[in-house]
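Next come the chains, spelled out residue by residue.
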Amino acid sequence: MTGDDDTPRMGFFTDTSVCIGCKACEVACKEWNAIPEDGLELTGMSYDNTQRLGSDSWRHVAFIEQRKPFGGPEPALTHEDVDVFAAASRLGTDPGSPDGHTELRWLMASDVCKHCTHAACLDVCPTGSLFRTEFGTVVVQEDVCNGCGYCVPACPYGVIDQRRDDGRAWKCTLCYDRLGVGMEPACAKSCPTESIQFGPLQELRERAAARVRQLHTAGVTDARLYGESPDDGVGGDGAFFLLLDEPEVYGLPPDPVVTTRDLPAMWRHAALAAASLAALAAAGFARRPR
Amino acid sequence: MAECHPVGFQWVMEAKARGAKVIHVDPRFTRTSALADVHVPLRAGSDIAFLGGIVNYVLQHEKYFRDYVVAYSNAPVILREDFRDTEDLDGVFSGLDTDTRSYDNASWQYEGTEMQAASGERDREYEERTGGGSTVAEAARGEAHGSGGAAIGEGEPERDETLSHPRCVFQVLRRHYARYTPELVEQICGVPQDLFRQVCELVTENSGRERTTAFAYSVGWTQHTVGVQYIRAAAVLQTLLGNIGRPGGGILALRGHASIQGSTDIPTLFNLLPGYIPMPHAHQNQDLEAFVRAEAARKGYWGNMRAYLVSLLKAYWGDAATAGNDFCFDYLPRLTGSHSTYETTMAQLEGACQGYFLFGENPAVGNANSRLMRLGMAQLDWLVVRDFSLIESATWWQDGPEIETGELRTQDIRTEVFFLPAAAHTEKDGSFTNTQRLLQWHHQAVEPPGEARSDLWFAYHLGRIIRQKLAGSADEMDRPVLDLAWNYPTKGEHTEPDAQAVLAEINGHDADGRPLSSYEELKGDGSTACGCWIYCGVYADGVNQAARRKPGREQDWVAAEWAWAWPANRRILNNRASADPEGRPWSERKALVWWDPDKGERGEWSGHDVPDFKKDKAPDHRPPEGATGPEALSGRDPFVMQADGKAWLYVPSGLTDGPLPAHYEPQDSPFPNLLYAQQRNPVRHLLPALPDNRYQPSGTEPGSEVFPYVATTYRLTEHHTAGGMSRWQPYLAELQPEFFCEVSPELAAERGLEHTGWATIVSARAVIEARVLVTDRMTPLRVHGRTLHQVGLPYHWGPNGYSTGDAANELVHLSLDPNTHIQETKAFAVDIRPGRRPRGPASLELVRAYRARAGIDEHTGTEP
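Going line by line, the protein sequences match chains A and B.
Numbering of the first sequence is given in full-length UniProt numbering, commencing with residue 1 and proceeding in unit increments.
Numbering of the second sequence is given in full-length UniProt numbering, commencing with residue 1 and proceeding in unit increments.
Honestly, I wouldn't trust all of these hints.
With beta-carbon atoms standing in for the labels, derived distance ranges [what the hints assert, rightly or not]:
#1 A:Ala34 - B:Arg848: 48 to 56 Å
#2 A:Asp6 - B:Arg464: 53 to 61 Å
#3 A:Val220 - B:Asp88: 33 to 41 Å
No lab work stands behind these hints, which were simulated from the structure alone.
If you're wondering where the values come from, they're calculated on a predicted model, not measured in any experiment.
All C-beta atoms, glycine included, are put in the ideal place defined by N, C-alpha and C.
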């Protein structure tokens with residue numbers, strides 16, 4: 001997926017290793033896009049009171065408090081031999097490593113719509129409200145959306161969401177209106193540490209690869225990219241991330257697949273089935289004795 | 001810094017990307033810790049022990065930058081024989097008068113001379129220096145030691161450049177910190193020895209000729225009964241390591257909000273005039289000449305104080321200020337003691353202060369002992385609140401906590417409260433002065449809504465109307481107001497004064513009205529006017545230099561054409577110290593300014609930054625005999641504002657509480673002072689122990705166990721100070737919707753606190769409630785051999801607005817730093833228990849019960 005011939009595909013690279021959790025992106029996004037405030041709830045999820053992306057939160061900074069043993073192995077992918085209840089009961093009191101040293105990590109990551117290469121939301125939209133822009137981004141047109149909500153379960157990341165009071169679907173537009181006049185999106189503009197980088201996707205991918213190499217050299221072996229590969233289940237994200245742990249830790253699906261992936265095959269099968277039925281019926285009529 | 005200065009923190013991240021190591025020392029694991037290489041949790045209130053420990057490490061391991069220290073600091077200077085250190089007197093310095101709770105600093109002086117401080121309590125030598133002819137008209141605490149001061153010495157102080165004389169500053173320093181060992185740091189601060197050594201190694205490895213280390217601090221250092229000495233401890237360390245006046249070095253004060261630096265430079269403080277000129281005290285028959293003689297330093301740029309002051313008086317009173325009337329010096333108000341915020345509250349309670357202006361300040365929740373603040377305001381005749389929203393300071397009379405308890409009844413309160421909506425910074429022109437002294441202009445984007453107006457508009461028109469009302473008055477008392485130069489051009493439908501015209505007045509002009517370009521042009525004869533001498537040059541050539549916005553990528557790394565820094569657009573102060581005594585950079589890597597012998601007629605200072613030195617003063621220059629002011633400094637005296645041109649490891653004059661930082665416990669502390677018999681700062685500024693301002697027992701005193709936990713207040717990224725700018729903003733309120741406290745899982749287990757449940761927090765002053773966040777980011781420490789739990793309390797909340805909660809400041813006492821009169825909000829002792837607090841009169845009863853249990857009366861905690 002690219003943008004128009006003369007416009008490169010634009011996107012976000014969110015480098016969570018330099019995110020300071022200031023939430024300026026959340027506020028700038030709401031200010032620019034005039035998104036309503038959506039509830040005052042102290043969640044107890046560290047400093048995350050936004051909780052998730054939704055119709056009224058197009059940027060969401062996740063806060064994850066972790067205790068990791070110093071120099072310890074990567075958290076194993078299988079936890080079959082771990083007694084999670086026993087581990088939970090030790091939380092905060094267990095030194096975690098034999099020499100009593102644990103590393104306290106506070107991961108922060110600003111999540112956003114992924115602007116997938118293969119965007120299921122767009123595929124299922126019956127009105128054409130969701131469309132692919134000349135920048136290769138995926139945008140909902142609020143004056144076209146009829147509130148059918150098909151896009152909501154279609155999103156493999158759970159990003160797009162209907163606003164309760166008007167039923168229409170809302171999500172990040174990658175500040176389509178700003179891009180149109182040569183400005184960067186509000187969140188990237190407001191990010192003080194360049195955790196959110198905006199630019200041509202190809203350039204961002206190169207930058208991200210270099211950043212991962214740099215972090216690996218510096219001993220941050222946990223660093224990995226998420227959503228940058230065109231070979232993944234959504235054909236690569238227009239907004240991808242550098243993470244310091246497994247995607248699940250950040251509340252991201254480990255292996256997202258465009259939910260409409262199997263649609264053509266399903267239709268093919270359905271068509272085949274229909275044809276078979278028709279053929280069967282025809283055959284039935286054909287055999288009827290006159 | 002990432003929490004409270006996220007925009008400034010981008011430069012820390014940039015430095016980190018280039019390989020800088022970031023160490024974060026904080027009782028809590030914050031957003032800054034998350035990005036730091038090392039986080040050092042320590043007990044709130046123990047930083048002097050920590051920093052003193054590093055000083056001791058530097059001295060023990062010979063890690064100091066010897067050439068720098070010998071040439072540029074007062075380390076070689078020999079002290080008087082009668083000076084006694086805290087090591088000699090078990091925690092106090094010589095000169096302590098326990099009756100008046102003050103020091104006479106005579107014995108702190110250099111052998112053979114007497115010093116004048118660069119800023120601060122310069123008035124203490126007044127009588128000595130004016131020949132003893134005047135007397136203090138009304139002695140007050142702040143100047144009770146004014147009759148002290150050393151005899152005026154002749155000649156230079158005695159020096160020992162080998163640093164071996166037992167009475168030289170270096171040796172005094174060595175003895176003073178000899179007991180601040182890693183073992184002691186572990187005991188007092190709760191910092192394990194290996195972690196402490198790691199910090200010492202990182203700091204010393206990254207200091208010296210080739211490398212520099214910077215310290216950034218905020219109110220976590222200032223808001224203590226020994227706050228100034230915290231920063232002094234950093235100054236001692238940075239001077240020893242040669243990290244002052246050099247790129248990548250320094251001690252950076254991260255100010256509390258936009259332009260707090262500006263409001264210190266052109267102060268909203270009772271004891272300073274613009275540019276750090278002291279406010280005159282109420283001495284008898286003190287004229288301009290006597291004031292300057294008493295206050296000005298003989299050497300260094302403070303030697304030109306007369307030129308700065310006369311130019312200021314000309315800016316205030318214009319043509320009315322003449323040589324014949326002492327340039328209206330007598331129009332300046334006189335101090336009769338401390339008139340700090342908290343003394344003003346005391347004066348309100350006593351009925352002496354009857355009117356109060358609050359400009360963007362919310363003392364009803366934002367000041368220590370908020371309850372006393374409200375009770376003080378309830379005694380006023382009138383109160384003017386200028387803010388964006390109806391903050392607690394504007395509504396306490398109808399819905400404050402005292403209305404709920406029944407202590408105040410709205411119908412009985414006679415205070416007339418005026419609320420005037422204020423314009424935001426986007427709705428007016430003006431400048432912000434930031435932590436690095438950079439003035440950045442902001443332009444008005446939109447007109448303020450409705451009746452909202454700028455503070456400039458309010459001050460100008462208030463003055464204009466008062467002057468109209470007083471016009472024709474023959475009363476001498478009204479002359480200072482009537483003679484003011486009060487003509488500012490206005491514009492627009494709101495007759496908004498032109499902020500650039502004010503900036504031009506601050507910059508100053510000569511007798512012909514031409515803008516000045518440097519404070520070196522200021523005269524003491526009335527031919528120049530300048531509203532703030534250190535800002536002189538911000539309007540050079542009639543151009544608003546603060547509005548310059550040339551991007552960094554279009555200029556060199558100093559970026560001298562982005563905005564304007566005081567003084568003289570200099571980006572690093574004392575930068576002569578970036579070169580060695582001969583004027584060569586200490587290293588190529590850290591070159592900033594240097595002596596160029598081929599430049600000018602006989603050589604000139606040159607470099608990347610504007611040299612903080614007389615342009616043509618050669619490194620080998622020796623001042624002529626009897627020279628004064630800047631002329632008296634040699635070519636090797638980089639600290640040009642100091643009376644001896646040197647960085648002060650030891651402060652002979654200017655501080656009320658000692659020449660060297662010593663560890664004292666906070667006013668309310670669960671621990672005894674392990675270092676000295678002296679528990680607390682003996683000269684801390686202790687406001688009366690009123691029934692609502694009781695102090696707690698500390699250390700081994702009976703009753704201290706009633707308040708076993710250390711509490712500290714702080715800010716969150718999502719909110720602004722006392723909440724006036726954030727709690728009413730839905731987009732900010734939803735990010736941190738409620739007041740909460742932060743505790744460790746261990747403390748939660750010990751006290752039965754539940755995550756997201758409620759906790760009640762009690763001190764001898766008040767009881768508050770907060771939602772609970774149980775987090776590993778709060779870690780228990782081993783202090784004095786036992787486990788200490790700390791309680792974190794963000795202080796943004798109050799009952800009004802969109803995001804609400806109790807005010808953490810209700811808990812805090814009014815024992816203050818004696819130099820700055822600032823409250824001790826960063827370290828105090830509390831109890832915490834599960835559940836919500838009682839309501840109404842029952843909440844008062846709970847606090848009373850706690851006091852009774854701890855045996856607290858009006859004497860508790862008040863001993864010197």
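Now the hints, each set against the structure:
1. A:Ala34 - B:Arg848: 48 to 56 Å: Once the Cβ atoms are compared, 51 Å apart, the range 48 to 56 Å for B:Arg848 and A:Ala34 holds.
2. A:Asp6 - B:Arg464: 53 to 61 Å: Holds: the Cβ-Cβ distance is about 60 Å, inside 53 to 61 Å.
3. A:Val220 - B:Asp88: 33 to 41 Å: 51 Å Cβ-Cβ, so the 33 to 41 Å window is violated.
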